[in-house]
Every structure is written in C-alpha cells, then in structure tokens.
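Read top to bottom, the protein sequences are chains A and B. Take 1 as the starting number for the first sequence in the numbering used here and just add one per residue. Take 1 as the starting number for the second sequence in the numbering used here and just add one per residue.
I should point out that these hints are in silico values taken from the structure, not numbers from a laboratory. Cβ atoms here follow ideal geometry from the backbone N, Cα and C, with glycine treated the same way. There may be inaccurate statements among the hints.
Unchecked claim - Straight-line C-alpha distance at most 25 Å; calculated SDA-like pairs for lysine to any residue:
{"#": "1", "chain 1": "A", "residue 1": "Lys79", "chain 2": "A", "residue 2": "Asp44"}
{"#": "2", "chain 1": "A", "residue 1": "Lys346", "chain 2": "B", "residue 2": "Thr4"}
{"#": "3", "chain 1": "A", "residue 1": "Lys199", "chain 2": "B", "residue 2": "Ala348"}
Said to hold, decoys possible - Cβ-Cβ distance ranges computed for the label pairs, FRET-style:
{"#": "4", "chain 1": "B", "residue 1": "Ala232", "chain 2": "A", "residue 2": "Lys169", "range": "38 to 44 Å"}
{"#": "5", "chain 1": "B", "residue 1": "Glu166", "chain 2": "A", "residue 2": "Asn20", "range": "41 to 47 Å"}
{"#": "6", "chain 1": "B", "residue 1": "Glu349", "chain 2": "A", "residue 2": "Ala251", "range": "52 to 58 Å"}
{"#": "7", "chain 1": "B", "residue 1": "Glu68", "chain 2": "A", "residue 2": "Leu411", "range": "44 to 50 Å"}
{"#": "8", "chain 1": "B", "residue 1": "Lys284", "chain 2": "A", "residue 2": "Gly214", "range": "29 to 35 Å"}
{"#": "9", "chain 1": "B", "residue 1": "Ala232", "chain 2": "A", "residue 2": "Asp300", "range": "44 to 50 Å"}
{"#": "10", "chain 1": "A", "residue 1": "Asn20", "chain 2": "B", "residue 2": "Arg10", "range": "32 to 38 Å"}
{"#": "11", "chain 1": "B", "residue 1": "Gly409", "chain 2": "A", "residue 2": "Ala251", "range": "51 to 57 Å"}
{"#": "12", "chain 1": "B", "residue 1": "Glu349", "chain 2": "A", "residue 2": "Glu75", "range": "31 to 37 Å"}
{"#": "13", "chain 1": "A", "residue 1": "Ala251", "chain 2": "B", "residue 2": "Glu68", "range": "32 to 38 Å"}
Claimed, not checked - Only part of the chain A face toward chain B is listed, based on derived beta-carbon distances under 8 Å:
{"#": "14", "residue": "Ser29"}
{"#": "15", "residue": "Ser126"}
{"#": "16", "residue": "Gln129"}
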Amino acid sequence: MAARPEVYVLGGYQTDFARNWTKENKHFSALMREGVRGALERCDIAPEEVESAHVGNFAAELYCMQGHLGAFFTEVDPKFSGVPTSRHEAACASGSIAILAASAEIEAGRYDLQAVVGIEQMKTVSAAQGGSYLGTAAWYDLEAKGVEFPFPKLFGRLGDEYDRRYGLKDEHLAEISRINYENAKLNANAQTRTWYMNKQHALCRTEDNPAVGGRIRISDCSQVTDGAVCVFLASRAYAEKWAKGRGVELAKIPRVKGWGHNTARLRFDDKIAESRDQQYVLPHVRSTITSAWKRAGIADVNGVDGIETHDCFTTSEYMAIDHFGITAPGESWKAVEAGWLEIDGKHPINPSGGLIGAGHPVGATGVRQLLDAALQVTGQAGDYQVEGARNFQTLNIGGSGTTSVSFVVGL
Amino acid sequence: MSSTPAQMRRLAGSRPLQHVVVLGANGTMGYGAAALFTQAIPRVTFLARSREKAQEGLQAAIKQVRSETVGNRADVGSYEELDAKLATADLVFEALTEDFALKKQMFDRVEKSRRADSIVATVTSGLSINELAEGRGDSFRRHFLGLHLFNPPNVIVGTELIGGRETDPAVLDFIEAFSRVRLGREIVRTHDAPAFAGNRVGFKVLNEVAQLAEQIGPVLADRLVGPYTGRAMTPLATIDLVGWDIHRAIVDNVYEKTQDEAHATLKLPDYMAKAMQRGVLGNKSGAGFFKKEGKTSLALDPASGDYRPVAEIKLPKLGYIDRVAALHNVGRYAEGMQAFLAAEEPEAEIARRVIAGYISYAFHRVGEVTDAITGIDLIMATGFNWAPPSVLVDTMGARASVELIERAGLPVPQALRDAARGAARPFFHHPQLNVGKFFVAN
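One chain only, chain A, in its complex shape (with noise of 0.2 Å):
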C-alpha cells in the first residue's frame, strides 16, 4: 500500500476564552471573523491562497439561530467568496470531525490548503437552557428530557461506574481539577485564569461548589464558552512552498501523524452494558487512542510528549488517564497522586487547562486541542509549554463518550 500522503498544520489562532460575545454586543459573525482573519495573520496566508474550509459546530441554531455555518466563511473576505465549505457536527466532537474531513481532502489530492473552523457561541441562553441544549449531544428523549443538567449527571454515573469496578475517591478527581486550573493561569486564552480554585475549594462541599449532578460539583465541570479556533491544514506541496518562503524547514512543520475515529452507541447505559466484562470502561475510546498510535507509528503513550484531552468533566479526565495507558485500567489515580499529570511531569495532560481550565465552546474544542498540540511540538505555547514536545496527542469525545477522535500531532 502506498504511503499515506502527509497533512501538515501551518498553525492558527484561538479567541480568548474568557471572552462573552453577548457583553461586548457582538454577532456571531464576528466570532468566525476573528477567529478566522486572525489564523491568517498569524499564519501569514493571503485569503487568495484557501481552497476549501471545514467548520465544527455543535448547536448555532439553538445557541444563536444560526444555520449554514459554512456559509459565514466566505463572510470574513471577499475573496473568500466562492470557496467550497461545509459544516460538521458530532456534539463536543465537532471540530475534530471538521479535521477529519479536511484532513481526507487533502489526502485525497483534492486540496493544497484548507482552512478548519471550530466555533460555538453559548453565553446567549442561560445556564438552564443551555444544559438542555446540551442534552441533544445524548439521546434526548430518553436521557435529556426534563432532567436539569443532565451531561453532569451522565459524567457523574460514569464516576460511579469507576467506583463500582475498581473504586474512585473525590481527592482525586479534585486533584485533576486543581491541575487544570493551575495550567489555566498560564494561558492567557484560557477561560477561568482568573477563578479562586485550589485542591481545599475542588474539595469543598459546601454552597461554594455546590453539586449539579451525582458526584459532580461545579469545580469538577468544564466551562459554558463562547470561542472559535481556526487552524490550516496543508498538503506537503503547498507546506513545504510555505516553509520555503519563510525560510523554515519541512521538517519544523507539524503534521497530523495519526488519527483515530470511533463511535459508540449513543445511551450510556448501552455503553457501560457493552463493556461489562472488559477491563476499559469505554472500549471504544481506547480503540480510538489505540488507532492514532497504530498510524503514527507509536507503540504507546511514551511516543508522546503530552496530552490534550476531553476533560467536560473530572470523571472523563480520570477515564482518560487509564484509556491512554498511563496506568492499568482502574488506576488513573495513581498517575495523579505520583504527579504524572502535571506540565513537567511524566506525561503533562492539558498543559492549556484543558476543558476545565481553558473553556469548553463545544464545537470548538476538537480545533483548540489541534493548536495546542501544534504550538507544543513547535515550542510555541508560551508559558504553558512543555520542555521539548515533539509528539502531543488530542482526545476529543463527542457525548457520553459517543464519538471520539484522536490525532497524533508531532514532527
């Protein structure tokens, strides 16, 4: 079989997180527009040059009334007026699924240059109505409806889940927590650099940080974000006439080394039933860790230097570690306790403060994660770098651990 041809990342851009679209009176359109014009300057790409673009989206249309996302692109310039886009959805999956599909056209020669958008505005409803919207990510009918938050409930069940198999203590999931919002007060596009949190408060369990659903409190929770992250992908002709013009080498040039895409059944009941006499609580998360490495050609998680992962919440942080491989299945805490996690540790998780920290615009996330692991291997993260990253690793999961997808980003 012939080589697969190589998908470079020539960088981008992310808004700050911290940002709330709705107060500074601001239109969807001016999301994508900056997150858009603001990948091209750094990335110093005349609009001309774009073939095609990608755009992640979880819910515009209920979030801001808002279809035809892809439609907004050609918005930002007027030459991008013309160029064929498209919009993807797979809830907190989005973005990732919008690379995917990009990164096959550029695999399957159709294009030199693609633009990939992730982009969600959720400031514009209330925490309520929001939660609820979020619920269309589950089956909702039988697991949304009339239930008050429930993606906390079905992460706080995961938790239980853990606790039933191998047993889960709260200092633990507090200890992730602490870490995340830690590393968010090195990224000044982070969401939460700014909030009071430490292991005493995620430990807290008083009206301070008060319980949402089960065992998951408000410090264990990732953010309500309004955010867009805009990357460009390239075939190794146009990278390499991109690299010459800047007088950098092909081989300083990320590429999206391996990928890994799977989707389970969508109620987390049937999930937890499936995998009742496995050791990993969702296979098919690991399944899609596993696949990345198989493409890139890594062994296990000590090919990389790193880890951006989907931590909506605490629980899925902890499932992650042991999917990953950094422990036996059912002891993630022990990873946390040795200080694996940490950004000089033994394998850094969310250097950026993930979900947590960072912020969480859902169909947004997937392209964040692109960046980050792009700016690491490039030693470009600023004071949230990771000494000499040349592999990061992404993990993006769409629902109660539905879709996932997973790029290995190296040199």
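Since chain A is already given, all that's left is putting chain B on it; use the hints.
Relative to chain A, chain B alone:
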C-alpha cells in the same frame, strides 16, 4: 527576564514562599491580594490596626472569591503582633492607605521585625519605590520592590513590578516568576516613575474626561469616550468604581511630581474637589458622576453639584457611534475606526481629541515609565482592559494616527512619524492577546 517557560516554572518554586503577611488587610487591595495569595501560599496572615479589622478583611476576602476555604489558610492579627508574625514570613505585602509618611512608619517597624531573607513588597499605585526605601539598611533595600496589583485582583491580571535602585535582580526575577506561574499575573516591569506606567497613562485619560464633563456633562462625556473607542467600561464609570479619593491621590501625585507636555490634563477639576468635600467618593459613597435612587439613574451636574435623572438629559444625535458600533458588531474593527475618524458630527471631534491624547501621551512616556511601548500596551490591555495605544495605531493605520494627533494640535511621537513614512508594520505583538475584545460594539 529571559528564560524558557520551564525555567520560569522552576524559578517560581526555587525559593520557599510558605507564609505571607499582608499589612492593611482590611482595605480593598489588602484583602483582595490576600485572597489571591491563598490560592498559592499555604499560610496567609491578615494584619490590620485591630484584630477585629483584620477579621473583617478575612470575611471580605472570603466573600470576594466565594470560597470559605480562604479561612483554612488564613490567620488574623493586629499590628501589635507584628514581631511574632513576621518571624516566619517569607513575604511581607504592604497595602496601607496611599500615605507616604504612614508607609514609612510601618516600614520602620517591618525592618526591625523581618527576617533578613524576607521579601518586602508594597502595592503602592504610584509612590516612589526608591523614596520608600530611602534610609533603610542594605538587606531591606535589596529585598524591597513594588508589586502593583489592579483592583479587583481576582478579575484583573495586569500587574506592575517595580524594582528600586538597589533591589536584587534575583528577587525581582523570582517574584515575576511566582506571580506569573502561581498567581496567573501578567507582569509588566516599569520604571520607578510617578504612578508607574498604567495609572500614569490611564488616569491622564480619565481625568481629561472628568474635565470634559464640566463642559458637556458626564453622560455625554462617557458616551463620547465610550466602549466603541476601545474599552469595556466608560471612563467616568471607571472613576466611580475606583473611588474619587483614589483618583485624586493618583492625579495629584502625578501633577505635583511631573511636568510633561499634557500637564494641564492631570489637574483635578475644581468641581470634583468641591463634591468630595460633600462626601462624594464614587460607588463606595453611593454617589459619584452617577448614582441610583431606586430604579432611577441620576447624573451629576458639575456646575450645581445636583443630580438629574439621566433619562431627562437630552443628548445630541450621535449617529456616527451607531455606525461604528454596527461595524464592531460584525467584527469589522478597522472599518469601524475609519468611520470614527471620518465622522462629521462636531461631538466626534471631542472624542477624537481624547483618543489622540491617549496615543500621543502613551508613546511620549516610552523611556520614562517603561523601556518600550510594549510594556505600556500590555498594562493598558491587562490592567485597564482598554485597547492599547499600539492596537489603536495598528487598527487606524499609522498615517491616520499621525493626522489624528496633528489635527488635535498635540505632539506627534517620532515613532509614529517614522511608521507613517515607512511600510505598514504592526506595532502590537503579543502572540496570545486578542485585540478584538477591546472594540466593544456600544
């Protein structure tokens, strides 16, 4: 400070910082800073004139960050206990009232009680670090610095770090690393100049708008220099929030200690001094430029000192602000600012003069308050939440910025003249800072 991020993280943990004593912990900045410290420092001592006052500070800190866990790391005391408390302190953080003599007296006591290796920081918003250190022993002077947080520190990350002539550079590097890594601060190093960088530039603009209010009223003044010009909060609402007494302390200090090209704009308006005699101090006294009576918003009439319902104050037609805001609304900031520059309404000229003054004044302070414009840019962005001067120049264009300043009859900074002649190159470089957020569509 030049080091890799990993080196900076190691530096942040290179020196024990287990105990901080906050002096003046019942004041707004004292308890705000103390709350911030409890996230990263195991023991935080709240000290005030009395134990009761310190306890009030602790309660205010808990309320500010909404976490009772602040109390787990805190202890309280009065200045009578200074000796005992300072015996274990790695950092002494002074947050007394902005009174030079008072601070000096406190440092007399601190110097007697502090450990020789403890760091002493003052949060002064503009008093001279060198003058505060004058007459102290070697150890004190080597360990003394200014760490100017902006209020409230749990919201605003911009922080100025000021060394004195004899401050140990290693101490400054450590405090910078610790503040960035553990406290999430955006650190700007400034010179020991009156009001440092942020307040020098920011309060010049605020005071100029307060002067304007005397002629056109506070409602119109705030509308003209409103969010669409590159800020989250309007200028006079900002003075009300900060407190008129603080505003006065800052502008009086700068007016007295400096003689720059915009000296007159730093003179506190007489109507403000008179209103302060009646107890007007902004939000903390319930009345400033604006106040609320029930659901009615009222605005000060500078001439009479009376308040009038905002709804009854007639403003001229300001269609240009709607045009600018409509462009900002869809993210077309450069076009929005072009519409501002081109607006023919006479009121637009008033607003343009203030913006021209801001840019001109900021660029003329390079060398005096910071080494480069980047420091002023960063503190205006992260301390004031205003579009930094360089961002305005980049957004409007260097040539248009020069014309704007010339038309206002203000001195044009040489750097802008050079930029206007050459090819367009952005002044503002910060790989992580969004500039669009400053152009609010109101």
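Taking the hints in turn, this is what the structure says about them:
Note on lysine 79 of chain A and aspartate 44 of chain A: the hinted pairing holds, with a Cα-Cα distance of about 15 Å set against a maximum of 25 Å. Taken as a hint, the lysine 346 of chain A and threonine 4 of chain B pair is honoured in the structure, with Cα atoms around 18 Å apart against an allowance of 25 Å. Restraint check: the Cα-Cα separation between lysine 199 of chain A and alanine 348 of chain B comes to about 51 Å, which exceeds 25 Å; the hinted pair is violated. Distance hint for alanine 232 of chain B and lysine 169 of chain A: a CB-CB separation of about 42 Å, consistent with the stated range 38 to 44 Å.
At about 45 Å, the CB distance of glutamate 166 of chain B to asparagine 20 of chain A agrees with the hint of 41 to 47 Å. Between glutamate 349 of chain B and alanine 251 of chain A the C-beta distance comes to about 56 Å, which sits within the given range of 52 to 58 Å. The hinted window of 44 to 50 Å between glutamate 68 of chain B and leucine 411 of chain A holds, with their beta carbons roughly 47 Å apart. Checking the proposed 29 to 35 Å range against lysine 284 of chain B and glycine 214 of chain A shows it is violated: the Cβ atoms sit about 43 Å from each other.
Between alanine 232 of chain B and aspartate 300 of chain A the CB atoms are about 47 Å apart, so this pair conforms to the stated range of 44 to 50 Å. Remark: the range hint 32 to 38 Å for asparagine 20 of chain A to arginine 10 of chain B is upheld by a beta-carbon distance near 35 Å. Glycine 409 of chain B and alanine 251 of chain A have their C-beta atoms about 56 Å apart, which keeps the hinted 51 to 57 Å range intact. With their beta carbons about 33 Å apart, glutamate 349 of chain B and glutamate 75 of chain A fall inside the hinted range of 31 to 37 Å.
Evaluation of the 32 to 38 Å hint for alanine 251 of chain A and glutamate 68 of chain B yields a failure: the beta carbon distance comes to about 53 Å. Against a cut-off of 8 Å between C-beta atoms, the interface hint on serine 29 of chain A holds, since the closest Cβ of chain B lies about 5 Å away. At its closest, the beta carbon of serine 126 of chain A sits 20 Å from a beta carbon of chain B; the interface hint therefore is violated under the 8 Å criterion. Look at glutamine 129 of chain A: its Cβ only gets to about 23 Å from chain B, farther than 8 Å, so that hint breaks.
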